[in-house]
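Residue numbers (numbering that gives the first Met the number 0), protein chains in the order written: chain A, 0 to 445; chain B, 0 to 448.
Keep in mind that the hints are not guaranteed to be accurate.
Unchecked claim - Using 25 Å as the maximum straight-line C-alpha spacing, the simulated BS3-like pairs for lysine-lysine come out as follows: (1) B/K369 with A/K382; (2) A/K308 with A/K348; (3) B/K141 with A/K308; (4) A/K231 with A/K340; (5) A/K177 with A/K244; (6) A/K340 with B/K244; (7) B/K244 with B/K424; (8) A/K192 with A/K149; (9) B/K424 with B/K369; (10) A/K348 with B/K141; (11) B/K424 with B/K252; (12) A/K348 with A/K383.
It is worth saying that the hints were derived from the structure and are not from the lab.
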Amino acid sequence: MANKHRSRGWVILTSCLWLLSTTALALPTIEHWQTAHGARVLFVAARELPMVDFSVVFDAGSARDGAQPGVARFTNALLMEGAGGLDSDRIAERLSELGARVSTWSQRDMAGLDARSLNDSEGLEAVTSLVSLILQRPDFPPQAVARVRKQMLTALENDEQSPGSRGSKAFYRQLYDKHPYGSPPGGTPETLKGLQRGDLEVFHARHYSAGNAVISIVGDLSRSDAEVLAEKLASALPAGKAVPKLARVAEESIARHLHIPHPSSQAHVLLGQRGMRRGDPDYFPLYVGNHILGGNGLNSLISGEVREKRGLAYSAYSYFLPMRAAGPFLLGLQTRQGQEKEAIEVLRKTLQNFVRNGPDETALEEAKQNLIGGFALRVDSNKKILGYLRMIGFYDLPLDYLTRFSQNIRELSVEKIRDAFQRRIHPEHLLQVVVGPAGDEQRKQP
Amino acid sequence: MTMTRLAAFGILISLALATAAAPNAPQAFKLDNGLTLIVQEDHRAPVVVSQLWYKTGASYEHAGITGISHLLEHMMFKGTANHGPGEFSRLIAREGGRENAFTGRDYTAYFQRLEKSRLGVALELEADRMQHLRLDGAELEKERQVVLEERRLRTEDNPRALTSEGFYATAFQTGPYRHPIIGWQQDIEAISIDDLRAWYQRWYAPDNAVLVIAGDVDTAAIRELVDHHFGAIPATTTPPAAIRKEVPQRGAKRLLVAAPARLPYLLLGYKSPSLNTAAEPWEAYALTVLAGVLDGDDSSRLARELVRGSEIAAGAGASYSLYQRLDSLLVLSATPASNIGVPMLEQALRDQVARLRDTPVSERELARIKTQVIAGNVYERDSIFYQAMQLGMLETVGLGWQRRDEFVAGISAVTAAQVQTVAQKYLRPEHATVAILEPQSMQGSTHGK
Numbered sequence: 000m001a002n003k004h005r006s007r008g009w010v011i012l013t014s015c016l017w018l019l020s021t022t023a024l025a026l027p028t029i030e031h032w033q034t035a036h037g038a039r040v041l042f043v044a045a046r047e048l049p050m051v052d053f054s055v056v057f058d059a060g061s062a063r064d065g066a067q068p069g070v071a072r073f074t075n076a077l078l079m080e081g082a083g084g085l086d087s088d089r090i091a092e093r094l095s096e097l098g099a100r101v102s103t104w105s106q107r108d109m110a111g112l113d114a115r116s117l118n119d120s121e122g123l124e125a126v127t128s129l130v131s132l133i134l135q136r137p138d139f140p141p142q143a144v145a146r147v148r149k150q151m152l153t154a155l156e157n158d159e160q161s162p163g164s165r166g167s168k169a170f171y172r173q174l175y176d177k178h179p180y181g182s183p184p185g186g187t188p189e190t191l192k193g194l195q196r197g198d199l200e201v202f203h204a205r206h207y208s209a210g211n212a213v214i215s216i217v218g219d220l221s222r223s224d225a226e227v228l229a230e231k232l233a234s235a236l237p238a239g240k241a242v243p244k245l246a247r248v249a250e251e252s253i254a255r256h257l258h259i260p261h262p263s264s265q266a267h268v269l270l271g272q273r274g275m276r277r278g279d280p281d282y283f284p285l286y287v288g289n290h291i292l293g294g295n296g297l298n299s300l301i302s303g304e305v306r307e308k309r310g311l312a313y314s315a316y317s318y319f320l321p322m323r324a325a326g327p328f329l330l331g332l333q334t335r336q337g338q339e340k341e342a343i344e345v346l347r348k349t350l351q352n353f354v355r356n357g358p359d360e361t362a363l364e365e366a367k368q369n370l371i372g373g374f375a376l377r378v379d380s381n382k383k384i385l386g387y388l389r390m391i392g393f394y395d396l397p398l399d400y401l402t403r404f405s406q407n408i409r410e411l412s413v414e415k416i417r418d419a420f421q422r423r424i425h426p427e428h429l430l431q432v433v434v435g436p437a438g439d440e441q442r443k444q445p
Numbered sequence: 000m001t002m003t004r005l006a007a008f009g010i011l012i013s014l015a016l017a018t019a020a021a022p023n024a025p026q027a028f029k030l031d032n033g034l035t036l037i038v039q040e041d042h043r044a045p046v047v048v049s050q051l052w053y054k055t056g057a058s059y060e061h062a063g064i065t066g067i068s069h070l071l072e073h074m075m076f077k078g079t080a081n082h083g084p085g086e087f088s089r090l091i092a093r094e095g096g097r098e099n100a101f102t103g104r105d106y107t108a109y110f111q112r113l114e115k116s117r118l119g120v121a122l123e124l125e126a127d128r129m130q131h132l133r134l135d136g137a138e139l140e141k142e143r144q145v146v147l148e149e150r151r152l153r154t155e156d157n158p159r160a161l162t163s164e165g166f167y168a169t170a171f172q173t174g175p176y177r178h179p180i181i182g183w184q185q186d187i188e189a190i191s192i193d194d195l196r197a198w199y200q201r202w203y204a205p206d207n208a209v210l211v212i213a214g215d216v217d218t219a220a221i222r223e224l225v226d227h228h229f230g231a232i233p234a235t236t237t238p239p240a241a242i243r244k245e246v247p248q249r250g251a252k253r254l255l256v257a258a259p260a261r262l263p264y265l266l267l268g269y270k271s272p273s274l275n276t277a278a279e280p281w282e283a284y285a286l287t288v289l290a291g292v293l294d295g296d297d298s299s300r301l302a303r304e305l306v307r308g309s310e311i312a313a314g315a316g317a318s319y320s321l322y323q324r325l326d327s328l329l330v331l332s333a334t335p336a337s338n339i340g341v342p343m344l345e346q347a348l349r350d351q352v353a354r355l356r357d358t359p360v361s362e363r364e365l366a367r368i369k370t371q372v373i374a375g376n377v378y379e380r381d382s383i384f385y386q387a388m389q390l391g392m393l394e395t396v397g398l399g400w401q402r403r404d405e406f407v408a409g410i411s412a413v414t415a416a417q418v419q420t421v422a423q424k425y426l427r428p429e430h431a432t433v434a435i436l437e438p439q440s441m442q443g444s445t446h447g448k
């Protein structure tokens, strides 16, 4: 059946790799170039479906907010509210008439836009023109600015009624303190009220430039068609230059306990510390170690101890969130009021044991089998491939990141993982955030 | 694959439900024991998804045992006569797979996603737990706590989910859609191991199950593989589910939900037929279009007029479930903008509904929705999981998977007059249910125990 998955743009490697020796491993071929104005482009041709996905991201997330928390997200949210003289209704109608789907989004590192379109040539051309307008010439209509500000304030209220959101916000703020990652991407009521239309224009002009952009394209296009598309997206952006390097995150511990009272039936627990950046030399040992510890659903140690053995929580997990600078390493669970002390103890013990002893040999073997044997699932749709292109492009990861993924995992040993965890993870110095009703045990905590 | 083996297989599998031969058209088969198999070939990537759907779910439950389908779904991972607790997940993970399960109103389904050569293990394990589940009392007590934590997480501590739960329990008086899928807390606490055994015995049977396999597979080989793993399971005849029908609604209903929150929230729903219960299928497609007129994308009326235009809503949406076993609800939901009161928001939503009754939608709106549906039909092929979901859902709610391909034509044929007709027929003020979340102070005492 190997001849059945015929597809242009995929290299079918008959693999002699361990674990996959009997199957074909399909990897998307990533093409890479720069537009005339310096935007980086990553492209995978996928000719099976008559559609194109593309995304344009900028180093314009909340890490660039500076003294104006919320300005990055505010700016991004205005892109589709009016551009090049077209108002928001007209933009929405045009996209709808073209059968296209476009959405803007912003996080801590990246901000940008995702688009999906049929690839009938006129339609795709029209979508591309509209998207270029949205990216290049947003009008920031005053009334839309005022309305989006109100909507963002409402979103903050919404966060306040969710114990999970409150916990996460407090966790980042405590963990990163003055580093830009400590600033809430959605801003604060005070900063949002202070942001003016001019601030958004300045932020846009500074950050939405070709030199600061990564364009990813996956779909039913030839390389030359993809080049035309990318040029069109980037050509009218100011050439600009890449923004200055983001400040390093120091590897200091923020061992602190924080309790936030919330009228919920559960306590939401977050434990963690500063973790790693994208491209970190310890990425694979930490990633695979965490897969065993708390990243592989019910098969992970944390879930086993907290949920399967004790029934203390529905969801108990750990993860690294690698970012431009060191993102967090985080363990979490939610448990009913009164049980949090026990649950936290289990969580801490599980981590301590793991750091002290490393994974056992069988667990590592099984994790490798899971990650390598399941590699094909990571790239089985255009949408997923687009996600990888964006990540590889934005974080300057090697273009053979996917090709080498399995090899990097295969090479790991119990010792390498234990060594990485012992150097990087410090269970005795974790930040602890608990959101929930105040119990006796919490009042006693420092 | 040899012809001999194919011929032998032909004897074992007696009835082909459909023989659509076009590439990428699903094919369905029925095993002698009653199991329905639907295979959707899709060769874009060397992966496969397997979904085993059982025709049982929250709408099959009655007061006292609500949540039992979902609790049983959790217990399905707790081992069989042949495998220990948690081993299912571990074995699938070792094959590089990802797996989980979901419970809905009309179905309970279990799925695995794997590199295509690993499917056999998943089928072996699914066939095993279809027959040999070990329901252990001690495991139940732990899992009951897990499900109660899940309920706290998803519902108790989420003021909108709490409002929505009350909304369905109010809109439906006798029909089973009034019960939350996860179950009422007291029922979750009370369900016994014997209740679970009875539920498992009653519904987990080959003739009550639909196996959907999609991905880079060969249909003939799949038939053989499925027969190898499931063929020996004895035939069953599952008695039909008794359905307590919803009584006609006599007058509008109103519910206020007081919960610690910061933002009000409003739900406005109207009983409407699903494709399954509609007198004429076009009514259900017209209701789908109607929901799209309100909330298809950013150009739809709620976003354009209530969020942007009048700025009455901070957010607003509309939903309608085409594929359900029983009658559906067309639901409008909204959060007021910061300086707007709930009465004004409710009036704005009601005005939107009245306009659908009074005035035909414009041809441009209609054309946009049809364009989106046709494009969406291409986009959704990017996910084999989604394709399998559609087939399994259609089959388990009683419509049959073949109806999938009728969707685009069904939507395309809808006229503005038909949208107005269903609005007049179903979006009647006397059939409305309103639920309003009234935020209570978040300071001070806690709710829940």
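These are the hints, each one checked on the structure:
1. B/K369 with A/K382: 23 Å, holds
2. A/K308 with A/K348: 14 Å, holds
3. B/K141 with A/K308: With a Cα-Cα distance of about 8 Å, the restraint between B/K141 and A/K308 holds, given a limit of 25 Å.
4. A/K231 with A/K340: 57 Å, violated
5. A/K177 with A/K244: Between A/K177 and A/K244 the Cα gap is close to 16 Å, so the pair holds against 25 Å.
6. A/K340 with B/K244: Judged against 25 Å, a Cα distance of about 47 Å means the pair is violated.
7. B/K244 with B/K424: With a Cα-Cα distance of about 20 Å, the restraint between B/K244 and B/K424 holds, given a limit of 25 Å.
8. A/K192 with A/K149: 9 Å, holds
9. B/K424 with B/K369: Satisfied, since the Cα-Cα distance of roughly 23 Å is no more than 25 Å.
10. A/K348 with B/K141: Status holds; Cα separation ~20 Å.
11. B/K424 with B/K252: 18 Å, holds
12. A/K348 with A/K383: Not satisfied, since the Cα-Cα distance of roughly 35 Å exceeds 25 Å.
In summary, the structure is inconsistent with hints 4, 6, 12 from the numbered list given earlier, while agreeing with the others.
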